[in-house]
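Peer 1: Quick note: the sequence shown uses this note's numbering, first residue 912, plus one each step.
Some clues are possibly wrong.
Simulated DEER-style distance windows between Cβ atoms [stated by the list, open to error]: (1) 924 to 984: 41 to 51 Å; (2) 981 to 923: 42 to 52 Å; (3) 980 to 930: 34 to 44 Å; (4) 970 to 923: 15 to 25 Å; (5) 936 to 967: 46 to 56 Å.
These are calculated hints, taken from the structure and not from any lab test.
C-beta: ideal position from N, C-alpha, C; glycine also.
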Amino acid sequence: SQEAVDVVYRFAGDRLYVGGRYNTATLRLQGIANDVGADRQALAAGWQISPLILLKAEYVNQKYNDFPTTDRRSGGNFKGLVAEGVVAF
C-alpha cells in the first residue's frame, strides 16, 4: 500500500514554487513475516527559468521501517539536499 500527499504553491507568474511532500509505502516481502516499508518527507523550491528549463532543490528525509536486522535496509535512512536541473525538448 502507498499513501502520498503533495502540496505546491506557485507564485511570480508561475515561475517560482515551494512545496512539500509526504509519502509512505508498506509491503510484504517474500521470506519476511512482517510488513516492511519506507517513509519520505521532502521540502522543495524551484525556478522555471524558461518554459523548457527548470531548476529545483529539495531537502529529503527518507527512512526504512521494520526490516529484519539481517537485511541491508534495516535502520537505513537518507537525509540531505538534492539539486536537479531539467531540460525538456
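Peer 1: Now, for every hint given, state plainly whether the structure supports it.
Peer 2: Okay, the hints, checked on the actual structure:
About 43 Å separates the C-beta atoms of residue 924 and residue 984, a value consistent with the hinted range of 41 to 51 Å. Restraint check, residue 981 to residue 923: a C-beta distance of roughly 51 Å satisfies the suggested window 42 to 52 Å. For residue 980 and residue 930, the hinted distance range of 34 to 44 Å is satisfied, since their beta carbons lie about 35 Å from each other. Taken as a hint, the range 15 to 25 Å holds for the pair residue 970 and residue 923, whose Cβ atoms sit roughly 21 Å apart.
Against the hinted window of 46 to 56 Å, the Cβ-Cβ separation of residue 936 and residue 967 comes to about 23 Å, which falls outside the hint.
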